[in-house]
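S.K.: So the sequences go chain by chain: A and B.
Counting in our numbering, the first sequence runs from 1 upward without gaps.
Counting in our numbering, the second sequence runs from 1 upward without gaps.
Watch out, some of these pointers could steer you wrong.
As the list claims (entries may be wrong) - Where chain A lies over chain B, by a calculated footprint (3+ residues, C-beta under 8 Å):
no.: 1; segment: 11-21
no.: 2; segment: 66-75
What the hints assert, rightly or not - Pairs of lysine-lysine residues, derived as BS3-like cross-links and limited to a Cα-Cα distance of at most 25 Å, are as follows:
no.: 3; chain 1: B; residue 1: K104; chain 2: B; residue 2: K54
no.: 4; chain 1: B; residue 1: K55; chain 2: B; residue 2: K68
no.: 5; chain 1: A; residue 1: K9; chain 2: B; residue 2: K53
no.: 6; chain 1: B; residue 1: K55; chain 2: B; residue 2: K101
no.: 7; chain 1: B; residue 1: K68; chain 2: B; residue 2: K108
no.: 8; chain 1: B; residue 1: K101; chain 2: A; residue 2: K9
no.: 9; chain 1: B; residue 1: K101; chain 2: B; residue 2: K53
no.: 10; chain 1: B; residue 1: K101; chain 2: A; residue 2: K57
If you are wondering where the hints come from, they were derived from the structure by calculation, not from laboratory data.
C-beta: ideal position from N, C-alpha, C; glycine also.
Each chain is listed here by its residues.
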Amino acid sequence: DSGVTQTPKHLITATGQRVTLRCSPRSGDLSVYWYQQSLDQGLQFLIQYYNGEERAKGNILERFSAQQFPDLHSELNLSSLELGDSALYFCASSDGGLAGVETQYFGPGTRLLVL
Amino acid sequence: KNEVEQSPQNLTAQEGEFITINCSYSVGISALHWLQQHPGGGIVSLFMLSSGKKKHGRLIATINIQEKHSSLHITASHPRDSAVYICAVDSWSQGNLIFGKGTKLSVKP
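The shape of chain B in the complex, shown without the other chains (with noise of 0.2 Å):
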């Protein structure tokens, strides 16, 4: 079992949708990130988070460290905003990060 899953793999949405994307992880964390991998290649840090939520436009991140859960969410989507989400956790044990194999997201006009 991955210790990083993602949810789902592929999202196909409309232009204006609200959009979720889950993150679970199986390890002790001091911090969650969320990546953005845009289609030619480039990786952009999102957020990094070690409780609560951030806000960032239109972009959201919450997490639940009890739960050991992550969301991004993405309000009013937009066709700009169709690439790979990556989300990675930094594992106590092992002092780097940890990635989710990512969710690849699709946003039509």
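With the rest of the complex left out, here is chain A (with noise of 0.2 Å):
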């Protein structure tokens, strides 16, 4: 157990609609991190919020939108969901906000289908 949890673990829903994925990190980390990870592009890191402020920006889709709180969960939102989003959406966590030098704690994954 990495001390990393997501919810939802599975969300089936319609092309066109919005859903919200959740992350709360490890206890003590400010970094998150969220990943998306389909089966023919593999892993590609989204985006970066550190203690409550976005510090890097990766191959997000407009359409996306995440958020980190004062708790230090976070949230990513989907909307406007198409086929190609359906994925593993994970999230990981690291104490500082040096994404490569630092050991992430990855969470379970979301597994999001869209039909």
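Need the complex rebuilt from these two chains, each delivered in its own frame; the hints are there to steer you.
M.R.: What follows is the structure in structure tokens.
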């Protein structure tokens, strides 16, 4: 158990809908990262928050947005969903803000299926 | 061309065999990570290294910065090692992780 929690575990929805994925980092970790894992693309970095502020942005679509709240939990909002958004969405956390040189602890993921 | 390439894509071994998974990258990096993704989907960070070699139990990771290459070795492999092993690099220019597509390892009893 990494100490990172994600809800929900599974989500089935329809095209055009909007969903919110939630992540609670390990106790004391200030950074939260969101990743998308699809069958054809592998793992891709979406966005990082550090202590409530956006720190880095990757291949995140304009239809997606995220935020980190004062209690450090984070939410990833996906809107106008398309079939291609079906994927595993992982959240990870680390104690500092330097993504590449810190160990990241991954949550169990949310499996999103868009029908 | 992908910035992080792993080989092989798939690997089947017999229990007890010595296993090597390779990772090559084309960008300047601060660190390289090896991750393990279990069949159920969960991801665990195995190693983070920026030079030399690290060992944890039966797992050994090495990196050659000049050759832009890293290897993950598993000694005395066991069926419970069956998983996808993912290499990721921290690129100087991007400041976040770039992932390889993973190596799917299956260890048969």
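S.K.: Against this structure, judge whether each hint is valid.
M.R.: Do the hints match the structure? See the list:
{"no.": "1", "hint": "11-21", "verdict": "violated (count 0)"}
{"no.": "2", "hint": "66-75", "verdict": "violated (count 0)"}
{"no.": "3", "hint": "K104/B - K54/B", "verdict": "22 Å, holds"}
{"no.": "4", "hint": "K55/B - K68/B", "verdict": "20 Å, holds"}
{"no.": "5", "hint": "K9/A - K53/B", "verdict": "36 Å, violated"}
{"no.": "6", "hint": "K55/B - K101/B", "verdict": "23 Å, holds"}
{"no.": "7", "hint": "K68/B - K108/B", "verdict": "31 Å, violated"}
{"no.": "8", "hint": "K101/B - K9/A", "verdict": "23 Å, holds"}
{"no.": "9", "hint": "K101/B - K53/B", "verdict": "23 Å, holds"}
{"no.": "10", "hint": "K101/B - K57/A", "verdict": "20 Å, holds"}
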